[in-house]
Amino acid sequence: MTSGDIVFLVPEIILTIGACALLVFPVLGKRAAAQSAKWMMIGLLAITAIAVIVSSHTVTDFAQSRLFATMFAVDSFSVFFKLIFIAAVAMVTLMSEDYFRDSRYSPWEYYSLLAFALCGMLFMASGIHLISIYVGLELMSLSSYILAGYYKSEQKSTEAAMKYFVLGTVSSAILLYGMSLIYGVCGSLNLIAIDRAMSTLITNDALMLGILLLAAGLCFKIAAAPFHVWTPDVYEGAPTPITAFLSTASKAAAIAIFARIFYVGLQHFQLDWSFVLATVAALSMIVGNLAAITQDNIKRMLAYSSIGHAGYLLLGIISMSEMGMRGVLVYTVVYLAATLGIWAAVLMLQQHEYAGEQVEDFQGLHTRSPFWAFAMVMFLLSLGGIPPTAGFIGKYYLFAAAIQSGFGWLAIIAVLMSAVSMFYYLRIVVAMYLREGKDAQVSTAGSLRFVGAACLAITLFFGILPTPLIRQVETSARWVAARAVAVPNAGR
Amino acid sequence: MEALTSGMPFLVFLIIGTIAVAASILVVAMRNPVHSALFLLLTFLCVAVLFVLKAAEFVAAVQVLVYAGGIMVLFLFVVMLINVRSLPEERVMSAFWKGGLAVGLGLFILFAGVVRPGVYHEPKGNERDLRTQTTYRMRKVRNADGTVTERRVGRSRVVGNSEAIGMVLYRDYLVPFEVASLFLLVAMIGAIVIGKRELLAEEEESTPQFILDRAEKEKEVKEVVNGR
Numbered sequence: 000m001t002s003g004d005i006v007f008l009v010p011e012i013i014l015t016i017g018a019c020a021l022l023v024f025p026v027l028g029k030r031a032a033a034q035s036a037k038w039m040m041i042g043l044l045a046i047t048a049i050a051v052i053v054s055s056h057t058v059t060d061f062a063q064s065r066l067f068a069t070m071f072a073v074d075s076f077s078v079f080f081k082l083i084f085i086a087a088v089a090m091v092t093l094m095s096e097d098y099f100r101d102s103r104y105s106p107w108e109y110y111s112l113l114a115f116a117l118c119g120m121l122f123m124a125s126g127i128h129l130i131s132i133y134v135g136l137e138l139m140s141l142s143s144y145i146l147a148g149y150y151k152s153e154q155k156s157t158e159a160a161m162k163y164f165v166l167g168t169v170s171s172a173i174l175l176y177g178m179s180l181i182y183g184v185c186g187s188l189n190l191i192a193i194d195r196a197m198s199t200l201i202t203n204d205a206l207m208l209g210i211l212l213l214a215a216g217l218c219f220k221i222a223a224a225p226f227h228v229w230t231p232d233v234y235e236g237a238p239t240p241i242t243a244f245l246s247t248a249s250k251a252a253a254i255a256i257f258a259r260i261f262y263v264g265l266q267h268f269q270l271d272w273s274f275v276l277a278t279v280a281a282l283s284m285i286v287g288n289l290a291a292i293t294q295d296n297i298k299r300m301l302a303y304s305s306i307g308h309a310g311y312l313l314l315g316i317i318s319m320s321e322m323g324m325r326g327v328l329v330y331t332v333v334y335l336a337a338t339l340g341i342w343a344a345v346l347m348l349q350q351h352e353y354a355g356e357q358v359e360d361f362q363g364l365h366t367r368s369p370f371w372a373f374a375m376v377m378f379l380l381s382l383g384g385i386p387p388t389a390g391f392i393g394k395y396y397l398f399a400a401a402i403q404s405g406f407g408w409l410a411i412i413a414v415l416m417s418a419v420s421m422f423y424y425l426r427i428v429v430a431m432y433l434r435e436g437k438d439a440q441v442s443t444a445g446s447l448r449f450v451g452a453a454c455l456a457i458t459l460f461f462g463i464l465p466t467p468l469i470r471q472v473e474t475s476a477r478w479v480a481a482r483a484v485a486v487p488n489a490g491r
Numbered sequence: 000m001e002a003l004t005s006g007m008p009f010l011v012f013l014i015i016g017t018i019a020v021a022a023s024i025l026v027v028a029m030r031n032p033v034h035s036a037l038f039l040l041l042t043f044l045c046v047a048v049l050f051v052l053k054a055a056e057f058v059a060a061v062q063v064l065v066y067a068g069g070i071m072v073l074f075l076f077v078v079m080l081i082n083v084r085s086l087p088e089e090r091v092m093s094a095f096w097k098g099g100l101a102v103g104l105g106l107f108i109l110f111a112g113v114v115r116p117g118v119y120h121e122p123k124g125n126e127r128d129l130r131t132q133t134t135y136r137m138r139k140v141r142n143a144d145g146t147v148t149e150r151r152v153g154r155s156r157v158v159g160n161s162e163a164i165g166m167v168l169y170r171d172y173l174v175p176f177e178v179a180s181l182f183l184l185v186a187m188i189g190a191i192v193i194g195k196r197e198l199l200a201e202e203e204e205s206t207p208q209f210i211l212d213r214a215e216k217e218k219e220v221k222e223v224v225n226g227r
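Residue numbers (numbering that gives the first Met the number 0), protein chains in the order written: chain A, 0 to 491; chain B, 0 to 227.
Take the hints with a grain of salt, since some may be wrong.
[As the list claims (entries may be wrong)] Listed next, the in silico EDC-like pairs over lysine to aspartate or glutamate satisfying Cα-Cα at most 20 Å (straight line):
#1 Lys-155/A <-> Asp-232/A
#2 Lys-162/A <-> Asp-97/A
#3 Lys-151/A <-> Asp-97/A
#4 Lys-195/B <-> Glu-153/A
#5 Lys-195/B <-> Glu-356/A
#6 Lys-155/A <-> Glu-356/A
Derived from the structure by calculation, the hints contain no laboratory data.
Just chain B, same shape as in the assembly:
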């Protein structure tokens, strides 16, 4: 019985991992964008399960909420907004697929070769230690010679998964975390800069009229097309 339960996580990993890889291949292979999006959703969910297997419940929850929840809704929304039923039939593989496959396989063998037990740094302690957080406080300490100095005194306690992540993210990695938010801001600015219509100075000042004109023009074009 014990042999069975100890093998379980590995079995689950094999099954879920296989589904994740297969689903991610299907994401790019599907011709219908809605199908691709749904397979992407499946991939996200499988990855969430893998996180649970590694005892990272918080990351798993975030994975489901943010990716499966937020980002997938956006994807589906855009796919339905632009109303693409199916992509035109064309070659799925590029002309260089043989070279690409060779390079990919070579890299895979190279990378797989270096993943060996014993090469990597052993994490010190067990999982419990990873969730131990030390909080520091300044405390007055009397020295042997009678002088009083302030010293940093640490106290350790075991915290939960999300609390541990919170401590690492908002204390040790606070600044990189904030820079990452700047990065997202720049990405947003870039999307607007690239996506925005170029307006001449006078156009920009009379935007409402300009939009009306364009709408009218489009209507005329449609009528002409329909007339034929």
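So here's chain A without its partners, still in its complex pose:
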């Protein structure tokens, strides 16, 4: 480590100072409005994003980008994910505003915790050492537990926070146990050193158990199938903007470390773990999509749908190729845009004491707000993977990667389950266009409309013209996947 390395940590430092400032600000001055909290948060995110871009441009070669005794990497992969996280948190910030308009809850601590969670995510994105990945993950998780229970007078919110906290800490402990076993066998926690140590190892029980526990802990964080039971309850109970945060930014951060750990650190044992993860992916897709059909509550339905999407994302990791990595990156962007858009629509209906939580609340939306109805259709089509939208590109990459690596059976399940998912996505579309609506107001909040429009623009733009995204993703994927040796026909 040299003192010059500190340049690469500037975004995280700025964000931390800003998060503390958000806490202190209302104490210093007069009672400040929720509006100013929001704009301070947006400003902070903008500065952080600029810092991420600027500091990444000072990286000239691969060796220089690995810092602090090889704890962190500032590379194309981490910068890509950091910018996604910042954008997603900015959207969540814009969505949250109306929640504080006449609420008893202070927006300052809320935004501050959101900033701390983002800080943890930035550390996760660039961590190449299991310790730095773990502390980043814990910083994000702890902030999320608190945010899930932020509406403490609502029983559901408290219950969600409690369940999330207990299960989350248990899963963190499992993750840590896995890491300690891997450390015991390999003698290092640095992913590259682990990889080097593993290249000379033959299969042994302790290592297999370590990898299994690590995978189990990570699967909990991305809400994949046998470890998904917390998801519907937490998503339903948490304040809706926080549900949006959990199902997008938080999940993307977990996927980022999942990809980094398995591609860089554990690639030599791909034959051993890919089948386990393939089972998890298949289960996630089946359980998530089938359970979503029976849900009438939108928040629960989207929770189950997000379990299914975790399964799709796992396809990219299992296939262990540059194609698979590209798929993960593209799908993360696509999934985040569509999901954030849907949450904005749900929030839009929640504004005027019009719950927006049941599917029937969407009835007749197209007469009241043609824009939102159209946007919802596009988001739902994107999640289902239908061509004119960006979701198609993402699914194309993931499924193609799975087939290339010999997981054809998994790709078949994925396609079938995508078809199943269209069934419950179309239920909302039918409600919006073909059913008579209740006579309720639709929020005209500017920031919500902005989030909806931005997500719609991303979904449509990358659906019609995916080249800019794909070009960006190719360089990012190469950083990680270049180190991975694909084992052909692993699934057979």
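Add chain B to chain A, keeping to what the hints say.
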């Protein structure tokens, strides 16, 4: 005589380890919170002894100072503050204890099965090497062809236990260490956010009056209760 002294650490480990496990079970089994806290203290002290056995004197000292000193005082302070003499009698075991026991035993056998000699990475060198710290300095070096370049030159020396930890913690693991401090900060914010009373906007501006009102109300309630 030598056989006796070489067996000593293992004997101490067995005794202290047994006490630590027994005391930690008693922590959760006791009905009186003060007793639980005292058994927790015993557990901490036993763990400190185990650290000494592994030649980690610094960690042992920290264990005693921070856990036995700081955290235990806080525990006892809170227990005495809220004045709980004894918890109400209720079932100690939950209804699922058989399933829990089965899962626990299964996991124990699984984990115990993988702890075998030979599986794990051999630490290179001996304990002395672990305490060797290398400090680097930039130094101008004359190359064979006459050019002068700056090169990092390392010098190794043996350092003490706490110095070695300090070097690892504040140099190699500096950033995770700082992130851990952020983690504690978030935990504190969370405790305040969850513990704080919800105030309406107007209440927050007139806090002193609001507290007076509440105190008065409580007094009235008490009088009514006492009157009956």
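Evaluation of the provided hints:
At roughly 9 Å between alpha-carbon atoms, Lys-155/A and Asp-232/A fall within 20 Å of each other, so this suggested pair holds. About 26 Å separates the Cα atoms of Lys-162/A and Asp-97/A, which puts this hinted pair outside 20 Å; it is violated. Among the hinted pairs, Lys-151/A with Asp-97/A is consistent with the structure: their alpha-carbon atoms are about 18 Å apart, no more than 20 Å. Straight-line distance between C-alpha atoms of Lys-195/B and Glu-153/A comes to about 15 Å, which keeps the hinted pair within the 20 Å bound.
Taking the CA atoms of Lys-195/B and Glu-356/A, the gap is about 29 Å. The hint is violated against a cut of 20 Å. Between Lys-155/A and Glu-356/A the alpha-carbon distance is near 14 Å, which keeps this suggested pair within the 20 Å criterion.
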